[in-house]
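Novice: Sequence:
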Amino acid sequence: ELSSPLNVHRWRKLAGSDPPVFELVTKVQSLQRRLIARADDVVARDADVAAKERDLAALRSLLQRLPGPEIAEELAAAKTAAREKDREAKALASELNMYHAKVNELKFDLDRQARDLHDLKRRYFDQRRALAAARARRASPAAGAVAGAAAPRSPPPLPGRSRLRRVAMARAGHAREAREGGLPPLKRAVVAAA
Numbered sequence: 009e010l011s012s013p014l015n016v017h018r019w020r021k022l023a024g025s026d027p028p029v030f031e032l033v034t035k036v037q038s039l040q041r042r043l044i045a046r047a048d049d050v051v052a053r054d055a056d057v058a059a060k061e062r063d064l065a066a067l068r069s070l071l072q073r074l075p076g077p078e079i080a081e082e083l084a085a086a087k088t089a090a091r092e093k094d095r096e097a098k099a100l101a102s103e104l105n106m107y108h109a110k111v112n113e114l115k116f117d118l119d120r121q122a123r124d125l126h127d128l129k130r131r132y133f134d135q136r137r138a139l140a141a142a143r144a145r146r147a148s149p150a151a152g153a154v155a156g157a158a159a160p161r162s163p164p165p166l167p168g169r170s171r172l173r174r175v176a177m178a179r180a181g182h183a184r185e186a187r188e189g190g191l192p193p194l195k196r197a198v199v200a201a202a
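Quick note on numbering: the numbering used here labels position 126 of the sequence shown as 134, and the sequence is numbered without any gaps.
Just so you know, these hints were derived from the structure itself, not from any lab.
Small disclaimer: the values here were computed from a predicted structure and weren't measured.
One or more of the hints may lead you astray.
To be verified - The calculated DSSO-like cross-link candidates involving lysine-lysine, where the alpha carbons are at most 30 Å apart (straight line), are:
(1) Lys93 to Lys110
(2) Lys98 to Lys110
(3) Lys98 to Lys87
(4) Lys87 to Lys110
(5) Lys115 to Lys98
(6) Lys115 to Lys129
Said to hold, decoys possible - Cβ-Cβ distance ranges computed for the label pairs, FRET-style:
(7) Glu92 to Ser69: 31 to 39 Å
(8) Arg95 to Asp127: 44 to 52 Å
(9) Leu43 to Leu70: 37 to 45 Å
(10) Ala147 to Phe116: 39 to 47 Å
(11) Glu81 to Lys60: 31 to 39 Å
(12) Ile79 to Ala101: 27 to 35 Å
(13) Ala65 to Glu92: 37 to 45 Å
(14) Lys115 to Gly76: 51 to 59 Å
(15) Gly76 to Leu100: 32 to 40 Å
(16) Glu61 to Ser38: 33 to 41 Å
Ideal Cβ placement from N, Cα and C applies to all residues, glycine included.
Could you build the full structure based on these sequences and the hints that come with them?
Specialist: Written out as structure tokens, the structure is:
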């Protein structure tokens, strides 16, 4: 009976004939059941441990990708550099605005001087025409005059001639200032003080 495992209830016969062996067999069976249950628990716990190890490895790789203190230092240096560049850009923008204002002022002066020159030329040519007309009137009655008569006087200097000379000198001065630094000495001192 013990050698052939076909009989499912072979141990029941031992219960009456050999009780100590039957008790040992039932103990072995219960221990086997407990062993199987513990093995299942161990397998489940091994699966939990493997899952936790995978999570731990993922967290470690995430920590390695996170910025450290050196990144914070680089960020602070970049912020400082950006602030400095912003300050420089504002200074350049104010300087550009100042130069635009200066250019507009010079354009206004140039337009004013061009108008003055145009008026001066118009007055000069009007005066020349008047002088030519006066000469022509004087020459027609003087045709019958004696050959030894004195030649007519040269016309008096034009009142606008000194102003024309001042305009030309001012233009030369502006050209010289543009070569030397762009501003008259007084304005250059004011800009340097600012």
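Novice: Now tell me if each hint is right for this structure.
Specialist: Do the hints match the structure? See the list:
no., hint, result
1, Lys93 to Lys110, "25 Å, holds"
2, Lys98 to Lys110, "18 Å, holds"
3, Lys98 to Lys87, "16 Å, holds"
4, Lys87 to Lys110, "34 Å, violated"
5, Lys115 to Lys98, "25 Å, holds"
6, Lys115 to Lys129, "21 Å, holds"
7, Glu92 to Ser69: 31 to 39 Å, "37 Å, holds"
8, Arg95 to Asp127: 44 to 52 Å, "48 Å, holds"
9, Leu43 to Leu70: 37 to 45 Å, "40 Å, holds"
10, Ala147 to Phe116: 39 to 47 Å, "46 Å, holds"
11, Glu81 to Lys60: 31 to 39 Å, "35 Å, holds"
12, Ile79 to Ala101: 27 to 35 Å, "32 Å, holds"
13, Ala65 to Glu92: 37 to 45 Å, "43 Å, holds"
14, Lys115 to Gly76: 51 to 59 Å, "58 Å, holds"
15, Gly76 to Leu100: 32 to 40 Å, "36 Å, holds"
16, Glu61 to Ser38: 33 to 41 Å, "34 Å, holds"
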